[in-house]
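Participant: So the sequence lines, in the order shown, correspond to chains A and B.
Last residue of the first sequence? That's 275 in our numbering, and every number before it is there in order.
Last residue of the second sequence? That's 1275 in our numbering, and every number before it is there in order.
One should not assume that every hint holds.
Derived DEER-like restraints, expressed as beta-carbon distance ranges [unchecked claim]: (1) B/Arg-1008 to A/Pro-162: 51 to 59 Å; (2) A/Gln-135 to B/Glu-1086: 54 to 62 Å; (3) B/Lys-1134 to A/Pro-213: 19 to 27 Å; (4) B/Glu-1236 to A/Pro-162: 41 to 49 Å; (5) A/Asn-101 to B/Gln-1242: 54 to 62 Å.
Below are the DSS-like pairs computed for lysine-lysine, each with C-alpha atoms no more than 25 Å apart in a straight line [said to hold, decoys possible]: (6) B/Lys-1137 to A/Lys-257; (7) A/Lys-127 to A/Lys-177; (8) B/Lys-1176 to B/Lys-1137; (9) B/Lys-1137 to A/Lys-177; (10) A/Lys-257 to B/Lys-1177; (11) B/Lys-1257 to A/Lys-14.
Part of the chain B face toward chain A, derived, beta carbon under 10 Å [claimed, not checked]: (12) Ile-1038; (13) Ser-1117; (14) Val-1139; (15) Thr-1141; (16) Thr-1167; (17) His-1208; (18) Gly-1211; (19) Arg-1247; (20) Phe-1249.
These are calculated hints, taken from the structure and not from any lab test.
The C-beta atom is built at its ideal place from N, Cα and C for all residues, glycine as well.
Residue strings, one per chain:
There are 2 protein chains.
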Amino acid sequence: MIPEEVRRILEEMKAERIRGASWMAQKGAEAYLLLSRILSGEELKRALKEMKRAIPEVNRTMASLYNLSRFMPVTDDPELVRSRAEEFLRLIKEAKREIGNIGSELIDSGDVIITHSFSSAVLEVLKTAWEKGKQFKVVITESAPDYEGLALAGELERLSIPFEVITDAQLGLFAKKSTLALVGADNVTRDGFIVNKAGTYLLALACHDTGVPFYVAAESFKLHPELNSEDVEIVERPYSRQGFRVRNFIFDITPWKYVRGIITELGILVPPKEI
Amino acid sequence: MIPEEVRRILEEMKAERIRGASWMAQKGAEAYLLLSRILSGEELKRALKEMKRAIPEVNRTMASLYNLSRFMPVTDDPELVRSRAEEFLRLIKEAKREIGNIGSELIDSGDVIITHSFSSAVLEVLKTAWEKGKQFKVVITESAPDYEGLALAGELERLSIPFEVITDAQLGLFAKKSTLALVGADNVTRDGFIVNKAGTYLLALACHDTGVPFYVAAESFKLHPELNSEDVEIVERPYSRQGFRVRNFIFDITPWKYVRGIITELGILVPPKEI
Chain A
1 MIPEEVRRIL
11 EEMKAERIRG
21 ASWMAQKGAE
31 AYLLLSRILS
41 GEELKRALKE
51 MKRAIPEVNR
61 TMASLYNLSR
71 FMPVTDDPEL
81 VRSRAEEFLR
91 LIKEAKREIG
101 NIGSELIDSG
111 DVIITHSFSS
121 AVLEVLKTAW
131 EKGKQFKVVI
141 TESAPDYEGL
151 ALAGELERLS
161 IPFEVITDAQ
171 LGLFAKKSTL
181 ALVGADNVTR
191 DGFIVNKAGT
201 YLLALACHDT
211 GVPFYVAAES
221 FKLHPELNSE
231 DVEIVERPYS
241 RQGFRVRNFI
251 FDITPWKYVR
261 GIITELGILV
271 PPKEI
Chain B
1001 MIPEEVRRIL
1011 EEMKAERIRG
1021 ASWMAQKGAE
1031 AYLLLSRILS
1041 GEELKRALKE
1051 MKRAIPEVNR
1061 TMASLYNLSR
1071 FMPVTDDPEL
1081 VRSRAEEFLR
1091 LIKEAKREIG
1101 NIGSELIDSG
1111 DVIITHSFSS
1121 AVLEVLKTAW
1131 EKGKQFKVVI
1141 TESAPDYEGL
1151 ALAGELERLS
1161 IPFEVITDAQ
1171 LGLFAKKSTL
1181 ALVGADNVTR
1191 DGFIVNKAGT
1201 YLLALACHDT
1211 GVPFYVAAES
1221 FKLHPELNSE
1231 DVEIVERPYS
1241 RQGFRVRNFI
1251 FDITPWKYVR
1261 GIITELGILV
1271 PPKEI
């Protein structure tokens, strides 16, 4: 049985509306860490077996959770669980820093960078570029209905990075006025498709139509080793407005061919020519 | 001087957030009608001169207002003003009915029709098709930040036409699941571009990418005789959320090449092959 304290972390992850796949992976690794402090022996082993199902279940669309559950052993040794969880947490931190380094090199002073929703990897790229002294402006969607975009706006405000917030429906209008698009990913499928907050696909199309390079920032643990784009299950969350039920699928899927490159901590992945 | 009663109609038009270009044209014609009842002679003529500027000023992006102001004479004869205004009102009504007839023929039973924002021309097409006994479902965007989509949802509910409401950012996801896209227009430029609620361009791109036919329903008085797409001024309205100013340009512009056809009361306009 998964202990109550660990189960509470999983519930917190399920309830989260603003933060994305990196935060989820970190929270998941912390859940394992806590588990290693509470249980040992056969009890630990049984709980780890349950976690292998429970962690991806938190959000079936997030490759980071699937990869975390694959990364963690099923063992009776709490020390092994602790060291693997800590390794994963270190990996998350290092990957983010390296993505900041690599991604910030794509940004030039004078750029207008358009993004959608909140991605901590994107924030890291922007922050690093700003620290390198580059001058740019960021265009942010409010990202209805949970408004994660406004959380990103708050972060940029604290960093004194100039930004403008737009409604989601203006993605096309503002893509045209931008020089670079940069989004995060919740899942990069085996065939290179980008699963990210619904609306990302629309931004990619608008960038393609107007010649604006469209980049994705994603730690390698967001690459799914098995899943193909046609098998992606998209999570829906309840939402209503003015008494009407409103459909609310969280993600959409952007074909590889509209992506200029995926910035990972290992380098920039580019699509093969013939897709 | 434009009399106070007429000026109040213009203010009401300016404040309107839900209804589109057809309603605006109708309201504008009613303003002229009222004017013809209040003034005559030189006073009327001076007021009509002012109206020629004031009517398009209500919303610079709406061709219907420009065309109405061109249609109306500058004269001292109230009878002439009255008969022209009534002619325009008749034209609006007849055009809408005829668009319903022509457009409804594009709909087959089993269709899933996606639309964006609220267009009374689109509503007329849907209503006519439903009355002809066709069975279909409509996908409606909520259309933030003024939520005109929910007004459309209310109309369809009254007509018992099945519908689903989605957030604007899901336009791509749901375009893929649709068989037909149908939107209104606030302005069709001389070069055939569609000016309509921001987000329309994104829907057109998604339809183009997934092979869904994208149609526009627009009375001929929404065709602008002079304006080219690059000269369109897009009206912005103030909007903020959670203390952040949010840009709110009302319209975007969809290139002719992404439009399968424009349903007018005169027939369906199709783009020339070589665009």
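Participant: Is the straight-line distance between the alpha-carbon of B/Lys-1137 and that of A/Lys-257 25 Å or less?
Facilitator: Violated - the C-alpha atoms of A/Lys-257 and B/Lys-1137 are around 31 Å apart, more than 25 Å.
Participant: Is the distance from the Cβ of B/Glu-1236 to the Cβ of A/Pro-162 consistent with 41 to 49 Å?
Facilitator: Violated - the Cβ-Cβ distance for B/Glu-1236 and A/Pro-162, about 19 Å, lies outside 41 to 49 Å.
Participant: Grab the minimum C-beta distance from B/Arg-1247 to chain A and call the hint holds if it beats 10 Å, violated otherwise.
Facilitator: 5 Å, holds
Participant: B/Lys-1134 and A/Pro-213, beta-carbon distance inside 19 to 27 Å?
Facilitator: Since the Cβ atoms of B/Lys-1134 and A/Pro-213 sit about 44 Å apart, the hinted range of 19 to 27 Å is violated.
Participant: Given a hinted range of 54 to 62 Å, is it respected by the beta-carbon distance of A/Asn-101 and B/Gln-1242?
Facilitator: 32 Å, violated
Participant: Please work out if B/Lys-1137 and A/Lys-177 have their alpha carbons no farther apart than 25 Å.
Facilitator: Roughly 36 Å separates the two Cα atoms, so the pair is violated.
Participant: In this structure, is the beta-carbon distance linking A/Gln-135 and B/Glu-1086 contained in 54 to 62 Å?
Facilitator: With a Cβ separation near 59 Å, A/Gln-135 and B/Glu-1086 satisfy 54 to 62 Å, so the hint holds.
Participant: Let me know if the C-beta of B/His-1208 comes in closer than 10 Å to any C-beta of chain A, holds or violated.
Facilitator: 8 Å, holds
Participant: Would the hint linking A/Lys-257 and B/Lys-1177 be met if the CA-CA limit is 25 Å?
Facilitator: 21 Å, holds
Participant: Given the hinted pair B/Lys-1176 and B/Lys-1137, is their Cα-Cα distance within 25 Å?
Facilitator: 14 Å, holds
Participant: Hint B/Phe-1249 vs chain A: min CB-CB distance below 10 Å?
Facilitator: 6 Å, holds
Participant: Hint check: is the beta carbon of B/Val-1139 less than 10 Å from a beta carbon of chain A?
Facilitator: Hint holds; B/Val-1139 Cβ to chain A Cβ min 8 Å, cut 10 Å.
Hints 1, 3, 4, 5, 6, 9, 11, 12, 18 from the earlier list are contradicted by this structure; the remaining hints agree with it.
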